[in-house]
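Novice: For reference, each letter of the sequence shown is one residue, going 63 to 331 in the numbering used here.
Read the hints as simulated data drawn from the structure, not as lab findings.
Mixed in with the good hints there might be a few duds.
Below, a list of computed lysine-lysine pairs in the BS3-like style, where the Cα atoms sit at most 27 Å apart [as the list claims (entries may be wrong)]:
| hint | residue 1 | residue 2 |
| --- | --- | --- |
| 1 | Lys238 | Lys133 |
| 2 | Lys122 | Lys260 |
| 3 | Lys238 | Lys209 |
| 4 | Lys241 | Lys122 |
| 5 | Lys130 | Lys299 |
| 6 | Lys209 | Lys130 |
| 7 | Lys299 | Lys309 |
| 8 | Lys302 | Lys212 |
| 9 | Lys212 | Lys238 |
Each pair of labels, with its calculated beta carbon distance range [to be verified]:
| hint | residue 1 | residue 2 | range |
| --- | --- | --- | --- |
| 10 | Leu208 | Leu105 | 34 to 42 Å |
| 11 | Phe148 | Ala108 | 44 to 52 Å |
| 12 | Ser206 | Ala244 | 33 to 41 Å |
| 13 | Gly75 | Ala281 | 24 to 32 Å |
| 14 | Met301 | Ser103 | 21 to 29 Å |
| 15 | Val224 | Gly157 | 20 to 28 Å |
| 16 | Val115 | Lys299 | 29 to 37 Å |
| 17 | Thr149 | Val115 | 26 to 34 Å |
| 18 | Lys309 | Asp249 | 37 to 45 Å |
These figures come from a predicted structure and were not determined experimentally.
Ideal Cβ placement from N, Cα and C applies to all residues, glycine included.
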Amino acid sequence: MVKDITLGQYFPGESLIHRADPRVKIILTLVIMANIFFIDSYLAFAVFTCFVVMTVLAAKVPFIYTLKGLKPIMPVIVFTALVNIFTTPGTVILGYGAIHITCEGIDTAVKMSLRIALLIISSSIMTLTTTPISLTDGLERLLSPLKHLKVPVHEFSMMMTVALRFIPTLLEETDKIMKAQASRGADFETGNVFERAKSFIPVLVPLFVSAFRRADDLAMAMEARCYRGGEGRTRMKQMKLSKVDLKITLSFLIFESVLVYVQYFKMYV
């Protein structure tokens, strides 16, 4: 399950989405993620799902690789669905004692599950098609107006990108430590919730040690390359908007128009 988390990983490619300006991808991803919380009809969810599928196809990222990121979050999706099913008031369709299942509960559970799944996939597409360096440069350029307010924009962007990049690295390290502990007789699968949590204590200590060691190695490597922050720093590749970005933006505006129409000008289905 640890290896199934795709957030923070980069999938090499030369697709239209890969070649898009990171600033455009960041802005559109934020708008897409905001849209997820505003749509409420099943027709709008269908339109949104079709758009996500077409985006994955355009990015030329294998569907299995994209959907793999949902596996670690499935317990959260199931838990959220169950909470909504049993706690949402409305028309009771099945009940036993104090436990009631309502039509409104099922409706809310399905929509919340779809929101979480679409949120994970949408955010994963950006990280899968954008290198950490491009992501840092894009964030820095977008937040550059804050420099006038003495906000350390470059340091903030670098911190976010390094944290995002370290996610798959630390997950891989966690998997190695768990396998090493399991070979010594550790059991992470049996027992109640508290016993399982207790069994992870031997994993946390070496994981923290490894994280600090990697952070120290990264700091030394950056210092050896004379890294001194964003002041006076130049870039080998200058970011410029191209026809690719125009095509992607126009495609997104068409999708947004259709989504607004089916959400606010059509009857809910």
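Novice: Are the hints correct? Go through all of them and say.
Specialist: Hint by hint, here is what the structure shows:
1. Lys238 to Lys133: Since the Cα atoms of Lys238 and Lys133 sit roughly 19 Å apart, the hinted pair holds (cutoff 27 Å).
2. Lys122 to Lys260: 42 Å, violated
3. Lys238 to Lys209: Answer violated: Lys238 to Lys209 is near 41 Å, above 27 Å.
4. Lys241 to Lys122: 33 Å, violated
5. Lys130 to Lys299: Given that 27 Å is the threshold and the Cα spacing comes to 32 Å, the pair is violated.
6. Lys209 to Lys130: 39 Å, violated
7. Lys299 to Lys309: Roughly 21 Å separates the two Cα atoms, so the pair holds.
8. Lys302 to Lys212: 26 Å, holds
9. Lys212 to Lys238: With Cα atoms ~42 Å apart, Lys212 and Lys238 exceed 27 Å; violated.
10. Leu208 to Leu105: 34 to 42 Å: 39 Å, holds
11. Phe148 to Ala108: 44 to 52 Å: 27 Å, violated
12. Ser206 to Ala244: 33 to 41 Å: 48 Å, violated
13. Gly75 to Ala281: 24 to 32 Å: Roughly 31 Å apart at Cβ, these two residues keep to the hinted range, so it holds.
14. Met301 to Ser103: 21 to 29 Å: 38 Å, violated
15. Val224 to Gly157: 20 to 28 Å: Between Val224 and Gly157, where Cβ atoms are some 51 Å apart, the hint is violated.
16. Val115 to Lys299: 29 to 37 Å: 31 Å, holds
17. Thr149 to Val115: 26 to 34 Å: Check passed, 32 Å falls within 26 to 34 Å.
18. Lys309 to Asp249: 37 to 45 Å: For Lys309 and Asp249 the Cβ distance comes to about 53 Å; the hint is violated.
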